[in-house]
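Asks: Letter by letter, the chains look like this.
Protein chains: 2
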Amino acid sequence: MTTPSSDPGLYETIHKRRDVRAQFTGEPVDLEILTRVLGAAHSAPSVGLSQPWDFIVIDDQAIKQKFWEHVQDERQAFSDSLDAERARVFAGIKIEGILESSVSIVVTYDPSRGAPSVLGRYTIADAGLFSVCLAIENLWLSVTAEGWGMGWVSFYREPFLRDLLSIPETIRPVGWLCVGPVTHLEETPDLERAGWRTRRDLEKAMHWNGWN
Amino acid sequence: MTTPSSDPGLYETIHKRRDVRAQFTGEPVDLEILTRVLGAAHSAPSVGLSQPWDFIVIDDQAIKQKFWEHVQDERQAFSDSLDAERARVFAGIKIEGILESSVSIVVTYDPSRGAPSVLGRYTIADAGLFSVCLAIENLWLSVTAEGWGMGWVSFYREPFLRDLLSIPETIRPVGWLCVGPVTHLEETPDLERAGWRTRRDLEKAMHWNGWN
Chain A
1 MTTPSSDPGL YETIHKRRDV RAQFTGEPVD LEILTRVLGA AHSAPSVGLS QPWDFIVIDD
61 QAIKQKFWEH VQDERQAFSD SLDAERARVF AGIKIEGILE SSVSIVVTYD PSRGAPSVLG
121 RYTIADAGLF SVCLAIENLW LSVTAEGWGM GWVSFYREPF LRDLLSIPET IRPVGWLCVG
181 PVTHLEETPD LERAGWRTRR DLEKAMHWNG WN
Chain B
1 MTTPSSDPGL YETIHKRRDV RAQFTGEPVD LEILTRVLGA AHSAPSVGLS QPWDFIVIDD
61 QAIKQKFWEH VQDERQAFSD SLDAERARVF AGIKIEGILE SSVSIVVTYD PSRGAPSVLG
121 RYTIADAGLF SVCLAIENLW LSVTAEGWGM GWVSFYREPF LRDLLSIPET IRPVGWLCVG
181 PVTHLEETPD LERAGWRTRR DLEKAMHWNG WN
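Note that the protein sequences, when read in sequence, are chains A and B. Positions 1 to 212 (this note's numbering) are the ones given, in order, by the first sequence. Positions 1 to 212 (this note's numbering) are the ones given, in order, by the second sequence.
Check the hints yourself; a few may be wrong.
Which copy? The list can't say, so a pair holds if one copy fits it or any two copies do.
[Said to hold, decoys possible] Derived DSSO-like pairs: lysine-lysine, alpha-carbon spacing no greater than 30 Å straight-line:
#1 K66 <-> K94
#2 K94 <-> K16
#3 K66 <-> K204
#4 K204 <-> K64
Everything labelled a hint here was simulated from the structure, so no lab data went into it.
The task is simple: from the sequences and hints, build the whole structure.
Replies: Written as structure tokens, this is what we have:
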């Protein structure tokens, strides 16, 4: 791993991190920083040390444009599923920064990595998929620590994305992540600022020795 | 959030983090620290700001004992599925620290949180489950930053765990995590030290503008 010029605190980074849509500057990314944040993702825990992830970095504008068009269709489909009041709130919410962000990173899951006997995946088939998500959170935090931003786009159909990037049938795309320098990070999540939803108190999420 | 006495660097924490089995001391945990690490988990990104996770903290020894016995059965089942050489290596690997660790934390997923119209989950049903995993990684890193350790146990059947903790049918347990103070963290993952598997080079996981 290359050493970062500074290493902000973990808690500081966790609380600073946002799901970014509107603040990307689009500046070219420094390859050393990009490699370092992918190295942080690659250092995530994984079931049976399977490291079942891959990272497809996308800076080709034509590919981004095709994906962006697909996302607009899926945005419309979601909007059409809402009642009038929710559709009105949703209309004011930006859901992606695909074209404005410097690069996109598609993270994939390969169930065959380390198979057939992945230690810890014997009873829970999804455990490998869970590992990929742990890597994504490491990526999100390290991007934040670098002063960049990241936004997870999930308004897409997996077969479309697989086809767009020639991803084999056996590999599952898990997320399309917009990544790059930002002007700033907001203090409050976009969806809360837009009046879509408020955050839940931690106390309500804590239970002791059983569900009740 | 209560302020930690120190806030170690993000990269430092990512690279220090291990999947802990053998190093737990079993000391009682400080409730302020426990609340702080759960607060870090609760600050994770989530699809549509749904925060679909719950945290069940378990310090009841009888519950831990029952779960431990179940895990031994599943360990044996996995061992029986291996060829002789892999079974020999597996026999030397400790897969959990359920009884030795101070507390266990079961993290669950509630698909009904924010439903029916979870923003960003319209095309990818698993997106809520992915959010829960992001919270688990925040927990893992903050536990590490506190000088504690964490180990994810996945040798169990979900219906058994749901029954053990009276988790409703609609809620999915995602992981059983052993948490608490440790004597130290190893520098190399247990499975690598045991000769089960070696880590993959980051370069092999990186792709540009498509799979190939």
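Asks: Confirm or reject each hint.
Replies: These are the hints, each one checked on the structure:
1. Only within a single protomer do K66 and K94 lie at most 30 Å apart by alpha-carbon distance; the minimum there is 18 Å, versus 48 Å between protomers.
2. Within a single copy, K94 and K16 get their C-alpha atoms as close as 20 Å, which meets the 30 Å cut-off; across copies the closest is 37 Å, which misses it.
3. For a Cα distance limit of 30 Å, the shortest separation of K66 from K204 across copies, 26 Å, qualifies, whereas the shortest one inside one copy, 42 Å, does not.
4. Proximity of K204 and K64 under a CA criterion of 30 Å is satisfied inter-copy only: 23 Å between copies versus 40 Å inside one chain copy.
No hint from the list above goes unmet by this structure.
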